[in-house]
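Protein chains: 2
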Amino acid sequence: MKVISVVGTKKSGKTTLVEAMVRALRGRGRVGTIKNMPGHPVEDRGDTRRHFEAGADVVVGVGSERILFKVSRGGGLEEALEELRASGVEFAIVEGFKTSGLPKIVLGGIEVDNLLRRVDASPPFDEGLIEELIGLLILQPES
Amino acid sequence: MKVISVVGTKKSGKTTLVEAMVRALRGRGRVGTIKNMPGHPVEDRGDTRRHFEAGADVVVGVGSERILFKVSRGGGLEEALEELRASGVEFAIVEGFKTSGLPKIVLGGIEVDNLLRRVDASPPFDEGLIEELIGLLILQPES
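Residue numbers (the working numbering), protein chains in the order written: chain X, 931 to 1073; chain B, 931 to 1073.
The set of hints was computed from the structure by calculation and includes no laboratory data.
Check before you lean on any hint, since a few could be wrong.
Identical copies go unnamed one by one, so any copy, or any two together, can satisfy a pair.
[What the hints assert, rightly or not] Computed cross-link-like contacts, SDA-like style, restricted to lysine to any residue with a CA-CA straight-line distance of at most 20 Å: (1) K932 x E1009; (2) K1028 x S994; (3) K940 x R979.
Could you put the whole structure together from the sequences, leaning on the hints where they help?
Here you go:
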């Protein structure tokens, strides 16, 4: 699995950039994304929260259009990457996690380890830039 | 993995029964649950929906307290059970899916295949009943 991370300050356009990269990867292989949800509670529509709070280690919801929702305990970034690998994902884009050791595309001025490319543009991002960033992802070693 | 399903009409207390069974299973092994979420859209707090709608096959969120959220495409009940098996779950309780081939605990008067035990009580369920139902789960063959 080839992995790249998009980091930047708040409101710098990270999600918009991730969306554009995911869209550009369609048809080139299975794509997965990871995002940080600090403070995010288990969603409370349906009964996921009730099952989870009763003590289930894993709760899986079967939604319409064959969408699966899974909530599980005991995970950080490494476990999230493992979930993507187990799902047969070929390209993974991680939004956030500035302090990870992953290779990074950086929006704006923050300093990070493993900088691959700094992007000074704001959304909407142009297609040439997106293609260049996809190229950087494709060049990553399998991990 | 030992699997049992709890089915019944709306408002018959299915979720309350599942909660009580999950709680009673604590300390006896890893527990997973599955629930039906017909019409459930991808939750729209955070950016899960944006990643997913851009075309990601799998989106994983890393929440606080090491909770992982995963949304993926291409799943029904069988795939949900497979998710639980892959997570090392020993006991699985499925809420709903009356027409499945799973062994069933039924709340109320509906007719189903593979009926193990019909429960005529309403919540709160007594402890002796819950222990009896857990006993039925434990007697299920590994599947």
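Outcome of the hint check:
| no. | hint | verdict |
| --- | --- | --- |
| 1 | K932 x E1009 | within (16 Å within a copy, 25 Å between copies) |
| 2 | K1028 x S994 | between (35 Å within a copy, 16 Å between copies) |
| 3 | K940 x R979 | between (29 Å within a copy, 18 Å between copies) |
Checked against the numbered hints given earlier, this structure breaks none of them.
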